[in-house]
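Heads up: the sequence shown is residues 1 to 312, going by our numbering.
Don't read these hints as lab results, they were simulated from the structure.
Careful: at least some of the hints might be erroneous.
With a straight-line cut-off of 30 Å between C-alpha atoms, the simulated DSSO-like cross-links for lysine-lysine are [stated by the list, open to error]:
1) Lys-298 / Lys-233
2) Lys-94 / Lys-312
3) Lys-272 / Lys-233
Keep in mind the model is a prediction, meaning the values are calculated, not measured.
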Amino acid sequence: MAKRRSEKGRSRKNSRIDRWILAGIAIIALAIIFVLWGPGRSTRKEEPKKQPAQAQKTEKAEPRQKQPAPAEKPPKPAEPAKPAPKVREAETLKIAIVIDDLGGDLKAARELAELPADITFSILPSLPHSKDVARLAADRKREVALHMPMERKNNKEKPETPGTLRSEMTPAEFVAAVDRNFESVPGAAVVNNHEGSALTENKEAMKFLMMKLKEREIGFLDSLTSPRSVAAKTAREFGLRTARRDVFLDNDSESPAAIRAQFAELEQKAMKRGWAIGIGHPYPATISELRKWLLDAKKRNIEIVPVSRLMK
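Kindly generate the complete structure, drawing on both the sequences and the hints.
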């Protein structure tokens with residue numbers, strides 16, 4: 001009996017082991033199936049199919065064009081061209097013609113006095129005919145200017161003009177020289193500088209000069225013999241009427257063509273702002289070209305005026 005019971009117990013034990021072994025084998029089999037056929041297999045990416053060689057060549061033969069990089073700022077539309085300055089056809093152009101260096105003789109002064117225009121006679125002091133030219137101009141109702149000699153930078157080139165104002169003068173000497181020059185040119189209504197490339201840059205000297213002009217209430221025309229001149233600015237500080245020269249008419253005094261070109265430039269400046277100031281000298285070519293230029297000046301709406309009328 002005891003033997004049978006032990007055999008039965010052993011049999012039951014063996015059957016339990018067999019069941020565990022079979023269960024383990026089943027689990028292993030399921031794991032293998034899961035690995036081989038489970039969801040992991042469906043997530044594998046298929047390798048891209050290779051394009052045929054001909055297609056690859058076609059793609060290389062037609063590369064994509066690069067798009068231009070956008071500008072940082074959109075381009076501004078082109079501005080319309082500015083119209084040319086209008087010629088003041090309906091308005092009378094006022095031009096002052098100042099003839100410097102008069103007083104050496106009467107011939108040129110008489111020729112100028114015969115011209116049908118209000119030319120300003122700018123007379124050097126202390127010359128043989130300074131007073132005579134001043135009287136002639138007054139008789140013909142022409143404006144008289146005192147062409148005040150002033151110190152220039154290149155003093156060694158030629159002798160100094162009588163009555164020249166110099167920076168080395170004492171205040172008393174300077175004032176006395178100004179007074180003598182006025183006595184030599186009676187009736188002067190305007191002063192402009194003769195030479196003066198050095199003195200017109202000297203602020204203190206210009207203050208002394210403008211102080212004397214203020215006493216007489218006389219305006220100052222800056223001949224602009226130096227681009228650094230402070231003369232006109234100082235005149236305004238003293239409350240004087242003043243102006244600046246626009247064009248030298250006869251720097252090339254022996255060329256009629258060059259003088260004509262300067263008259264044309266003077267006229268162009270007047271067209272732009274309504275008025276202009278030109279300075280010339282009593283050279284034969286200058287007087288001849290001035291006479292020709294005046295012939296049809298009125299037809300071009302040009303009025304020749306005394307320089308004092310253009311001072312502000």
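**Q.** Restraint check for Lys-298 with Lys-233, where alpha carbons must lie at most 30 Å apart
**A.** Answer violated: Lys-298 to Lys-233 is near 33 Å, above 30 Å.
(Q) Just to be careful, I want the Cα atoms of Lys-94 and Lys-312 compared with a cutoff of 30 Å; is the pair within it? (A) Roughly 14 Å separates the two Cα atoms, so the pair holds.
Q) Is Lys-272 close enough to Lys-233, meaning Cα to Cα at most 30 Å? A) Measuring from Cα to Cα gives roughly 23 Å; hence the hint holds.
The earlier numbered hint that this structure contradicts is number 1, and it is the only one.
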